[in-house]
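Dock chain D with the ligand against the given chain Z, drawing on the hints supplied.
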Amino acid sequence: MWWLKEVWVIDPSQSLSAPRDVLVKGGQVLEMASSMTEEEVLTIAQGEPVETINAKGKFVFPGLIDVHTHLREPGQEEKEDILSGSRAAVRGGFTTILAMANTKPVIDNRALVEFVLLQGVRAGYAHVLPIGTVTKGMQGSELVEMVDMKEGGAAAFSDDGKNIQNAEMMRLALEYAKLTGLPIISHCEDKDLAGDGLMRRGVTSARMGLKGIPASAESVIVARDLLLAEETGGKLHLAHISTTESVNLIREAKARGVNVTAEVNPHHLIFCDEDITLTDTALKVNPPLGSRGDRESLIEGLRDGTLDMIATDHAPHTQSEKTRPFAEAPFGIASLETALSAVWQYLVLPGQLSLDRVIEAWSYSPAQRFGLSGGTLKPGSSADMVLFDPDFSEVIDSATLVSKARNTPFLGKSLQGFPIMVWVEGQLVQRNRTVI
Amino acid sequence: MKWQRKDILAIEDMSVEEIRHILHTAKVMKEILMRPIKKLPTLKGKSVVNLFYEASTRTRTSFEMAGKVLGADTTSIAVAQSSVSKGESLYDTAKTIQAMRADLVIIRHSSSGSAKFLADILDAGVINAGDGQHAHPTQALLDIFTMEEQLGEMDGKKVVIVGDVLHSRVARSNAWCLQKLGVDVTLVGPPTLVPVEMAGLGVKLTHDLDGALPGADVVMALRLQLERQQSGLFPSLREYSHLYGLTTERLKKTGKQSIVLHPGPMNRNVEISDDVADSVEALIERQVTNGVAIRMALIYLLIGGSGNVVA
Ligand SMILES: [Zn+2]
Numbered sequence: 001m002w003w004l005k006e007v008w009v010i011d012p013s014q015s016l017s018a019p020r021d022v023l024v025k026g027g028q029v030l031e032m033a034s035s036m037t038e039e040e041v042l043t044i045a046q047g048e049p050v051e052t053i054n055a056k057g058k059f060v061f062p063g064l065i066d067v068h069t070h071l072r073e074p075g076q077e078e079k080e081d082i083l084s085g086s087r088a089a090v091r092g093g094f095t096t097i098l099a100m101a102n103t104k105p106v107i108d109n110r111a112l113v114e115f116v117l118l119q120g121v122r123a124g125y126a127h128v129l130p131i132g133t134v135t136k137g138m139q140g141s142e143l144v145e146m147v148d149m150k151e152g153g154a155a156a157f158s159d160d161g162k163n164i165q166n167a168e169m170m171r172l173a174l175e176y177a178k179l180t181g182l183p184i185i186s187h188c189e190d191k192d193l194a195g196d197g198l199m200r201r202g203v204t205s206a207r208m209g210l211k212g213i214p215a216s217a218e219s220v221i222v223a224r225d226l227l228l229a230e231e232t233g234g235k236l237h238l239a240h241i242s243t244t245e246s247v248n249l250i251r252e253a254k255a256r257g258v259n260v261t262a263e264v265n266p267h268h269l270i271f272c273d274e275d276i277t278l279t280d281t282a283l284k285v286n287p288p289l290g291s292r293g294d295r296e297s298l299i300e301g302l303r304d305g306t307l308d309m310i311a312t313d314h315a316p317h318t319q320s321e322k323t324r325p326f327a328e329a330p331f332g333i334a335s336l337e338t339a340l341s342a343v344w345q346y347l348v349l350p351g352q353l354s355l356d357r358v359i360e361a362w363s364y365s366p367a368q369r370f371g372l373s374g375g376t377l378k379p380g381s382s383a384d385m386v387l388f389d390p391d392f393s394e395v396i397d398s399a400t401l402v403s404k405a406r407n408t409p410f411l412g413k414s415l416q417g418f419p420i421m422v423w424v425e426g427q428l429v430q431r432n433r434t435v436i
Numbered sequence: 437m438k439w440q441r442k443d444i445l446a447i448e449d450m451s452v453e454e455i456r457h458i459l460h461t462a463k464v465m466k467e468i469l470m471r472p473i474k475k476l477p478t479l480k481g482k483s484v485v486n487l488f489y490e491a492s493t494r495t496r497t498s499f500e501m502a503g504k505v506l507g508a509d510t511t512s513i514a515v516a517q518s519s520v521s522k523g524e525s526l527y528d529t530a531k532t533i534q535a536m537r538a539d540l541v542i543i544r545h546s547s548s549g550s551a552k553f554l555a556d557i558l559d560a561g562v563i564n565a566g567d568g569q570h571a572h573p574t575q576a577l578l579d580i581f582t583m584e585e586q587l588g589e590m591d592g593k594k595v596v597i598v599g600d601v602l603h604s605r606v607a608r609s610n611a612w613c614l615q616k617l618g619v620d621v622t623l624v625g626p627p628t629l630v631p632v633e634m635a636g637l638g639v640k641l642t643h644d645l646d647g648a649l650p651g652a653d654v655v656m657a658l659r660l661q662l663e664r665q666q667s668g669l670f671p672s673l674r675e676y677s678h679l680y681g682l683t684t685e686r687l688k689k690t691g692k693q694s695i696v697l698h699p700g701p702m703n704r705n706v707e708i709s710d711d712v713a714d715s716v717e718a719l720i721e722r723q724v725t726n727g728v729a730i731r732m733a734l735i736y737l738l739i740g741g742s743g744n745v746v747a
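Quick note, the sequences are listed as chains Z and D, same order. Heads up: the first sequence at position 87 corresponds to 87 in this note's numbering, and the numbers run straight through without jumps. Heads up: the second sequence at position 187 corresponds to 623 in this note's numbering, and the numbers run straight through without jumps.
Here chain Z stands alone, though its shape is the one from the complex (with noise of 0.2 Å):
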C-alpha cells in the first residue's frame, strides 16, 4: 500500500486542486483526505506493508493519456517499437497511449489491431490503444472493417500521416463509424497545398530559401471536416491544431454544437517558425510550426477549451536519418519523454497555462472523449497515476532516454519539472527518472 502525505492532488474528474494524503492500495485509488494519522492508515492497511511518500511541494495527478503517438511497430522497429515506446510514455508520465496505424504494414483490420494490443500487453508499462486506419492500406478509397475492428480494440479510426483527401471518402467515414461510436482522427492537411513544402511558408522559410507550406494547408481541411462532420453529424477528433484560422474555425463549429474535439502538440505551444534553422532537423515537423500568432492563438484555444486536449505526435526516428540536410529529413519529434516536463517550463511556470487545465487536457478530456478507463482518481478507480516534481531539473541526454530516438528539440539541454514516480493500475513503473 501507498500513502502519499500531503501531496497536492489535480483531479479534474472531481474538479479537485488541494493538499490531500491519498492511499493506493490493490491497484486502486483507495481514499483521499484532508489529512490521515498513522493509525488511520495502518488499519486501512490491515497488516499489508505501507511505504510513505513525504510528498509536499510535489503533485499528483491521473496518469497522462496521450491519443497520439507513433510506435513504428510492426516495421519500422529500428525507429521505435512498442516495447521502448511504452517505456518512454511512463518515464515521461504517461500511463495510456493511443498507437497511431501507419506503421508497415498500416493497422487496417482486425488481427494487426489485436497484434498492436497484444504487444502493448506484453511490454507492459502503459496502456496501449490501437487506433485503425479509417480505410483500407490508407489509401483513402475503401473503408475497414470498423466494426469489428472495434471489438479487436480499436480506440479510434485514423489515416493520420496522410489525408484523406477525397472528401466523399471522409463524409462516409464519419457515418459509417457511428456503428462504433469512435472518433474519426482527421490528420488535417491537404495534399496539394501542402506539396513538397518543408516549413510553415512565412518570412522565415522565404529568407532560407526552404519551401513553404501555407497555413491554409491545414485549415482547408479543418473547415471541410467541421463541415462534414456537422452534416453527418459524425463524432470527430482533430489531429495536432496549428493555425490560428483552425482555431477560430472549431471554435465557431463547437459554437454551433459541432461534435469535434481537437488536440494540439507541445511543440506548437512551445516554438515557432522562427526558432527553426538551416540545420536544426530536430525543430522539423508535420504540421510545420507555426507563427508567434499562431503560437499565440493555440494557447488562448487551449486556455478557452476550443481545443480540448494536448497531444505529442510522439514521431520516433533515428538519428542517420535526422543527420541530413533539412530537406532529406523526416519529419518529426520523439517527445514522450520531454512534453510534460517542457509544457510545465514552457507554460505553466510562466503563466501561460495553469497545471489544472494541462491536466485536464492530456487525461481528463481524452478518456471521455475516446470512452477510457483512466484519467480520474475517484477512490476505487484503476490508480493509473503521476507524482510530479516540480523541482526536478534533468539534462535530456542521449544516455538515459529509453525510448529508440533521440530526435528532440531538447537534447543536451536542461529541463525542469518531472513526474518522479508513476502507477500503471497501481503498479509503480518508474521511480526517480528510472523505468522499473
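Because the hints were derived from the structure by calculation, they are not lab data. Treat the hints with care, since some could be wrong.
[Claimed, not checked] Cut-off 20 Å, straight-line C-alpha distance, at most; resulting in silico cross-link-like pairs (EDC-like, lysine to aspartate or glutamate):
1. Z/322 to D/644
2. Z/211 to D/524
3. Z/211 to D/448
4. Z/322 to D/524
5. Z/211 to D/663
6. Z/211 to D/490
7. D/692 to D/644
8. Z/322 to Z/77
9. D/531 to Z/77
10. Z/322 to D/528
[Unchecked claim] The following label-pair restraints were derived from C-beta to C-beta distances:
11. D/470 to Z/78: 55 to 63 Å
12. Z/227 to D/491: 42 to 50 Å
13. D/546 to Z/121: 44 to 52 Å
14. Z/141 to D/673: 33 to 41 Å
15. D/721 to Z/192: 42 to 50 Å
16. Z/124 to D/627: 42 to 50 Å
17. D/515 to Z/275: 29 to 37 Å
18. Z/192 to D/470: 30 to 38 Å
Idealized CB from N, CA, C, for every residue including glycine.
Then chain D with the ligand, alone, in the frame of chain Z:
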C-alpha cells in the same frame, strides 16, 4: 582586417567589412590573373575538394581554376544527384572527406542548408557554391564586383532584380549583399514568384517592372525555370515575357545607361530579348574572369594562412 571565418556559407551573416575585404582581395587576384604567368605557389600542398551534387560546369570550372592558379591541389567529386534514399548520405560523404584531410571543400547541393550542414561536420573550410534555394554567395560577390567595376561604388545606387525570386538563391544572396552595401534593391516578378513573405529579405517588392525601372543603374534578370509553368506558377512564356522580359525598349525606362546582368544560362526571348542578351554576352567574359578572381580571393582568405601575396 584579420580574417576569422572558416567558411563562406551565406552573405546574410557577413559584415560589410568582410564583404569589402573580399572585394579588395579579389581586385588583387584579378591583377594576378591578368599576368602572363598566372601560377602562384601560395597554396602549394593544400588540397581543395570540389563536391558538386548538381551539374554546373561553369561554377565548377571557375573554382577549379581559382584553386589551380593559387597552386592548390584540386580534386573534383561529381556526384550524381540520386534519389535521397539511395546512395551515400551527405553525412557519410562528409566523414570520408574529413578522413581525406582536405583543407577546403567547395559544395553545390540541391538542399538549402547543405553547405552549413557540411561545415558543421568538417574541420576543413567550406565554400557554398549554391545550396538549394538558399544562397549562392560567390555569385553575389562576383555580381557586385562586376557592377562596381562598371559603375564605381554602388552605395546609393539602384538595382532591380526581376524574375523567379522565390526559387532563386542568386536573388537571395544578391539581395543581402547589395543592401548591406547600401544599394537600393527592388525585387520584381508576378505574385506567385515574388510572394509577400519575400519582404523578409528586407528589400522592396513589386509586381510592376515598368514602374520599378526608372532610375535603375543595374537590371538583373533571373533565369526562369521553364518547368515552373507546369506547376501553375505562371500561365505562359508569352505572358511572362510580355510582363517581365527585358527588351531594349523597356530598358529605356530606366532613363540611364543601365547595365544588364544575368547569372546565366539565358532563356533568350523569355526573360531577356535577343538584342539585350547580346549586350549581356559582352559582359559575360568579364564576369567569368571576375568569378575566378572572387573565388581565388575566398580560397586564399580561407586557407592561405599568413603567406601574404596580398598587401
Ligand atoms: Zn498527423
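Check each numbered hint from earlier against the structure, then list the numbers of those it violates in ascending order. 1, 2, 9, 16, 18
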